[in-house]
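Asker: So the chains spell out like this:
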Amino acid sequence: MGADAALLLLADSRLPAGGHAHSGGVEEAVRLGAVTGTGDLARFLRGRLATAGLVTAALAAAACELAAADDPADDPADGVELWRRLDAEADARTASPAQREAARTQGRLLLRTSRRMWPSAALDTLARAVPEGPHHPVALGAAGASAGCTPRQAALAAAYTSVTGPATAAVRLLGLDPVTVHRLLADLAPALDDAAHAACASLGDAARQGRWHALPGHSAPALDLLAEGHLTNPMKLFVS
Amino acid sequence: MGAHHDDLHDAAEPDGRALRLGIGGPVGSGKTALVAALCRSLGPSMRLGVVTNDIYTTEDADFLRRAGVIDPERILAVQTGCCPHTAIRDDIAANLDAVETLEERFGPLDLVIVESGGDNLTATFSRGLADRQIFVLDVSGGDKVPRKGGPGVTSADLLVVNKTDLAPMVGADLTVMSRDAAAVRDGKPVLFTSIREDRGAHAVAEWVTDMVDAWRHEHGEPHHHPVHGAAQQAQAS
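Chains A and B, in that order, give the protein sequences. Each residue of the first sequence is one higher than the one before, starting from 1 at the first, in UniProt numbering. Each residue of the second sequence is one higher than the one before, starting from 1 at the first, in UniProt numbering.
Chain A with its partners taken away, still in its complex shape (with noise of 0.2 Å):
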């Protein structure tokens, strides 16, 4: 079952952890004209999605379940290996050096704002193995095990902050209509229970010893380019 209104206080976007100021990509997308208007931010959501998004549900759930078979008569040496190797598998999945400092610090933050709201030996364990703030996905699943969520519910928030976060900056930066942009968001819904679904498929026996090279790795090279391109930006208002 899993704790339903813990995960609606991970996914909210008012959730204090600093996600208010990145972009995900869509305000290079938006200076390039990649994306002008809902038709091409629809479909720029959808292939977020599709990539970065079912990546980053998947570390999560890898984290959550990481996070939640933490017992504190482990060595704990142990536990802070297993954390940065699983970290080690997000930057492994994270071409772009601007999006791995984009997700270090989201995930730095996270990890600030979750250790005060849901403290655990986990995300203490966490914040000693990747003192520089771990991926921002790896500290979403870990918040999402000491709040009581499951994998599945982790992976699912982690799939939705990876589009939503995008959509209210096309909002700000475009002017678009909020409830048109909300629609598609709707329209996703399906597509983002299918990708946590997808997410917990791939963590599988050899995750749960520690090894996750079957994690999905879909790259998104455009993605990769927005993040660079967005660093070369003298007047950009998002971090990332």
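It is possible that part of the hints are untrue.
[As the list claims (entries may be wrong)] Between beta-carbon pairs, the in silico distance windows are:
#1 B:217 - A:234: 57 to 67 Å
#2 B:199 - A:85: 51 to 61 Å
#3 A:84 - B:71: 29 to 39 Å
#4 A:228 - B:73: 40 to 50 Å
#5 A:100 - B:224: 21 to 31 Å
Note that these hints are calculated values from the structure, not bench results. Note that the Cβ used here is the ideal one computed from N, Cα and C, for glycine as well.
Take the given structure of chain A and dock chain B to it, following the hints.
Answerer: Relative to the frame of chain A, chain B by itself:
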């Protein structure tokens, strides 16, 4: 782990750390000029850090770096995704991260100034981010602004009305501004400045010095205390 699990207080316990001073106010009122003036006046006697919240990129941070009033590495810029008030009030995570990064790198510090992006009259700093706050208006925005109130004008610990040198040119009546501000501020102080003429904003610097002294008296001498796993790598942009 464990020690703070039932602690719902601000993560940034006040004891033994710098006073955090928020400076907010509308676009163009002179917030960045005031930060530069305070660095000029207080830099020789205090260990400072500055966090800016720019609308675009690092405009304000660059201005401060060029002004040469503080070691450029002691200035961190936070980006706010079109919502400057969100970053100082509703979701302060990035600003706290920047403040703690400065404290870790250069601590102990006496004063960390957080300058908000230019915003409207309803913007105020969360108490989770700023221990004290200054709201900056200027006379050219119209002498009716203090009367209109808003949380910045009514609740800031200090209200600064800047650009008094322009008052005759824009027809602003400083007496009216002073009287209206007093009426909505319940005795809290108001200072009139012209930072163009007084490059050190000396009256404001004196007020800030009093606040820092009182803070140290109450919470002890600042000391260096790394925040475990929280802030090692905030972007120095």
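Asker: Each hint should be assessed against the structure and marked as holding or not.
Answerer: For each hint, the structure was consulted:
1. B:217 - A:234: 57 to 67 Å: With Cβ atoms ~44 Å apart, the hint is violated.
2. B:199 - A:85: 51 to 61 Å: holds (55 Å)
3. A:84 - B:71: 29 to 39 Å: holds (34 Å)
4. A:228 - B:73: 40 to 50 Å: Distance hint for residue 228 of chain A, residue 73 of chain B is violated at roughly 25 Å.
5. A:100 - B:224: 21 to 31 Å: holds (29 Å)
Hint violations for this structure: numbers 1, 4, all remaining hints satisfied.
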